Amino acid sequence: MWRDALLVGGKDLRIELRSRVATMQIAPYAILVLLLFGFAFDQNHTLLTQAAAGLFWLAVLLCSLLAVQRSYAIEAVDGARDGLRLSGLDPAGIFLGKAGAIAAQLVALEVLLGFGIVVIFGADLRDPGLLVLTSVVATVGLAASGTVYGMMAAGLRVRETLLPLLILPVVAPVLLGATQAWMAAFGQSGTDGWRWLGLLGSFAAIYVALGILGFSTLVEEA
Amino acid sequence: MRRGTGDRLTRILGWSTLVAVAATAWVGLVVSPPDVVQGNLVRLIYVHPAAATTCYVGFGLCALASLAYLLPRTRSWRWDRLAAVSAEVGVVFCVITIVTGSIWGRGSWGVWWTWDARLTLTALLLAVFIGYLALRRAIADRRSRAMVSAIVAVVAVLLVPVDHEATNWWQTLHQGNSLLRVNPLIHGWQLVGMLLSFGEFALLFSWLLLHRYRVEVLEDRFEVEGFATAIAERRAEAGVAPEPRPADVAAAAGKS
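Protein chains in written order, with our numbering: chain A, 31 to 252; chain B, 318 to 573.
Treat the hints with care, since some could be wrong.
Residues of chain B clear of chain A, computed beta-carbon distances all greater than 12 Å [to be verified]:
no., residue
1, Asp324
2, Leu387
3, Ile413
4, Trp432
Per the computed footprint, the stretches of chain B lying under chain A, defined by three or more beta-carbons under 8 Å from a beta-carbon of chain A, are [unchecked claim]:
no., segment
5, 448-454
6, 459-469
Worth flagging that the hints you see were computed from the coordinates, not collected in a lab. In this text the structure is predicted, and so the values were computed from the model without any measurement. Quick reminder that beta carbons are idealized off the backbone N, C-alpha and C, glycines included.
The whole structure should be built from the sequences, with the hints applied where relevant.
Here's what the structure looks like:
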């Protein structure tokens with residue numbers, strides 16, 4: 031399973047590195063979203079600083095949609111998905127590989143956006159451990175759920191419009207939990223950030239388990 | 318062949334629903350007194366909690382039927398149909414819950430909507446099941462549709478217990494449970510009206526579900542036989558003979 035995961039994940043990441051869609055399109059898109067938030071709340075800098083955590087995660091969420099769509103779009107041509115299906119790879123491995131590749135891209139994006147948040151919005155940091163741990167766990171949750179729903183929508187004609195409808199309500203708890211934990215890490219709220227981290231952890235665990243157990247059915251049917 | 322989706326059972330259910338609606342309206346609007354704190358606004362208690370519970374029942378039934386479809390031993394199209402129709406009816410009751418809750422919120426909290434754990438989760442629940450119905454419409458192949466949507470339903474229903482317990486787990490504006498506790502907060506005519514409303518919504522739910530299920534059966538039949546019947550009709554119109562047996566045409570349509 032792990033060997034298959036490395037194969038699939040490595041393949042996805044190599045395609046992204048060579049096609050440069052992630053670096054030339056998705057990353058600039060993320061920065062642009064952040065800038066637009068900046069324009070929208072231009073006059074009110076305190077508001078912007080307070081909302082920084084939420085805006086950051088909203089930007090990550092929008093980019094994760096693109097990353098998931100991209101992850102399945104690269105397999106849409108030349109019957110690549112049928113190839114993957116017939117390759118004899120363990121479906122759980124395919125799931126872990128694809129989710130891992132999406133998570134790796136999202137982490138790179140989060141580092142970039144994190145700098146953007148600090149520079150553009152001027153937020154300052156209190157608890158780096160909570161911040162980093164939240165980001166990792168939330169990213170795993172986003173990537174796992176995105177991979178599961180992406181596979182469901184992959185072969186459909188209406189996938190571009192259906193995917194956001196399926197994913198956004200499902201990952202809303204991630205947006206909520208990660209934002210609250212980040213605000214605690216920035217020292218902006220009195221809530222216990224580690225409790226929100228627990229919520230994020232259970233979300234990630236549910237979707238990783240669902241992906242490992244259910245992906246064989248999805249690979250066969252979708 | 319029966320025309321329509323009604324029979325004696327649905328007619329009995331339908332009339333009982335009407336009687337229950339009338340009884341609840343009479344108790345709720347005439348007999349029961351206005352509340353000390355909330356005044357006449359409290360009469361929403363005869364609609365809102367029952368609608369919310371019925372919505373949970375709809376989504377729960379959808380998940381159970383989906384689970385029954387996913388298990389190879391019990392796999393049957395019946396479960397897939399039941400999952401589809403109970404999700405649809407559940408969505409209707411979820412909308413009723415949100416609308417009546419919003420009216421109640423406007424009256425007692427002064428706002429139509431607020432970011433409260435119970436409200437937010439109910440809105441998410443609605444969005445998730447609307448996504449489920451959209452997914453069902455998007456997948457053309459019947460087998461894939463049944464499998465994929467069953468997985469979605471089984472995961473989506475995890476939100477229901479979280480939503481139900483939201484008032485216990487988080488500090489919420491929404492009040493906690495009033496009935497399911499050691500010392501219920503509701504007595505007298507209010508309790509009678511509320512229990513009546515639960516009965517009324519249960520009847521309404523069963524009536525809607527039964528009709529909708531039969532429509533689904535008809536739709537499935539149309540999918541299988543519709544093409545063959547249409548060909549046979551066109552041939553008859555043109556006076557072409559001999560007519561191929563509908564079974565052959567259905568088989569040919571299935572292959573293509």
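Comparing the hints with the structure gives:
1. At roughly 35 Å, the least C-beta separation between Asp324/B and chain A is larger than 12 Å, which holds for a residue marked as non-interface.
2. The claim that Leu387/B is not at the interface with chain A is violated, since a C-beta of that chain comes within 12 Å of its own (minimum 8 Å).
3. Residue-level check passed: Ile413/B sits 19 Å from the nearest beta carbon of chain A, beyond 12 Å.
4. A beta-carbon of chain A comes within 12 Å of the beta-carbon of Trp432/B; the shortest separation is about 10 Å.
5. Chain A is given as covering the segment 448-454 of chain B, and this holds because 3 residues of the stretch bring a CB closer than 8 Å to a CB of that chain, at least three being needed.
6. Given a C-beta distance limit of less than 8 Å, the hint that chain A covers the segment 459-469 of chain B holds, as 6 residues qualify and 3 suffice.
Checked against the numbered hints listed earlier, the structure breaks hints 2, 4; every other hint is satisfied.
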